[in-house]
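Going down the list, the protein sequences come from chains U and G.
Going by the working numbering, the residue at position 75 of the first sequence is 75; the numbering climbs one at a time, nothing skipped.
Going by the working numbering, the residue at position 69 of the second sequence is 69; the numbering climbs one at a time, nothing skipped.
Derived by calculation from the structure, the hints in this document are not laboratory data.
The reader is advised that the hints may include incorrect statements.
[As the list claims (entries may be wrong)] DSS-like, lysine-lysine: derived pairs with alpha carbons at most 27 angstroms apart:
#  : chain 1 : residue 1 : chain 2 : residue 2
1  : U       : Lys120    : G       : Lys101
2  : U       : Lys157    : G       : Lys112
3  : U       : Lys197    : U       : Lys120
4  : G       : Lys63     : G       : Lys81
5  : U       : Lys102    : U       : Lys210
6  : U       : Lys7      : U       : Lys204
7  : U       : Lys157    : G       : Lys101
8  : U       : Lys7      : U       : Lys102
9  : U       : Lys132    : G       : Lys112
10 : U       : Lys50     : G       : Lys101
11 : U       : Lys157    : U       : Lys24
12 : U       : Lys145    : G       : Lys145
13 : U       : Lys9      : G       : Lys145
14 : G       : Lys145    : U       : Lys50
15 : G       : Lys112    : U       : Lys145
16 : U       : Lys157    : U       : Lys189
17 : U       : Lys50     : U       : Lys148
18 : G       : Lys145    : U       : Lys24
19 : G       : Lys112    : U       : Lys148
20 : G       : Lys145    : U       : Lys7
21 : U       : Lys102    : U       : Lys116
22 : U       : Lys34     : G       : Lys145
23 : U       : Lys116    : U       : Lys197
24 : U       : Lys120    : U       : Lys204
25 : U       : Lys105    : U       : Lys9
26 : U       : Lys132    : G       : Lys101
27 : U       : Lys189    : U       : Lys132
[What the hints assert, rightly or not] Some residues of chain U that are not near chain G, with every Cβ distance over 12 angstroms (derived):
#  : residue
28 : Asp79
29 : Ser83
30 : Glu88
31 : Val107
32 : Glu180
33 : Arg181
34 : Asp182
35 : Gly184
36 : Thr185
37 : Lys189
38 : Val191
39 : Asn195
40 : Pro198
Think of the CB as a built atom: it goes at the ideal place given N, C-alpha and C, for glycine as much as any other residue.
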Amino acid sequence: MLYQELKAKNFEIISVAQDTGGAKDAGPWITAAKPEYTALVDEQQIVTRKYGMVNVPTAVWIDEQGRIVRPNEVAFIDDRFKSFTNMESAPYIDAIRDWATKGAKSVYVLSEAELKARLKPQSDDRPNDRLKADAEFALAEYLYKRGKGVDAIPHFKEAQRLDPDNWNYKRQAWALSDAERDYGTSFGKEVKKLNGKPYYAPRKLPELKKGTNEPRN
Amino acid sequence: MRKYFLILTIVTTFVMTAQAADQNTRTIVYDGIATEVTVVPNSSADLWITTNDLARATRFAIKPQGVCRDELCFPLPHNRKAEFISKQGATTWFNLSEFAKLIRQPVVTDQKNGVWYFGARAAEQSGYLASLEAPNFTLPDLNGKLHSLADFRGQKVLLVTWASW
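Construct all of the structure, not just a fragment, from the sequences and the given hints.
Okay, here's the thing in structure tokens:
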């Protein structure tokens, strides 16, 4: 497995479940995976909020100084969901391997300019709406945890309205409810509405010269 | 008969007390932490709380230079002080919802349950976009043991989120 192969290279994996249901929902998956890496549970979707994530799985590369060197991007490390994602995992695994080995010299580590360009939030034109969406989602989650699941629904809906690109806010709310009854929709229906637009923003890995790790210019 | 009357009295008293408490208390969630606070009876749409509750719920305090927490201070506009601070007898009330507007902090409420949720300020949330420093977080593993991203300083970290849903 990737972690066993790379852990000797000063490389760590932290997986974080974005699950309002906490250990009850995420626990069985973690137990089954028997991870050697650090597996955490985030009941309040704190990481989604702090990093401006919009779906799962999403990965961020962080260097030895705690700096982001590749921001949010779709991160499949196997091909289980390939029929849905239409994305091979192999190029991404190669990229991780290259970074673990070469660190800052890796061709996959982004320049500061490129990082800043990519880190612009997707809904940059309405940053206040996004912050309000985060607060509505957090309020909904707070009510849900205290047995007020019905009262939580209008706040989940408001979060979804204010930050319509955030699939985490949609899918988590639907999963806590009968989505058809309470939200008049389902994941399948919403994906159809994308009308061929990709569910995941496409990965932007550098094109390499054939058989090398050199970027093609 | 007398026994029933006594029970009825107790129940009635309890219900009335509970209702009165509901009207005058709210839950503030600030920095993710919930605190019960007292509000002015029949108060306006704003959230006026005592300075004691302000300290309990938010750790902010009113100082000559502004409303402060540790090194962080927000001066109040001179000509608008009455919109933020109101002295009634020995109690000083503070308008926390107006303060949130002043410091551009999102606030959302649930009327039915009397909950006020204060979110992250824009400056807090987006600071990393300029510094490129990965925002820290502290979360439990399945055994309840807490781990912080900061503990991994000195190593390369692949941070991956997923979900069961």
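Violated hints, by number in ascending order, as checked against the structure: none
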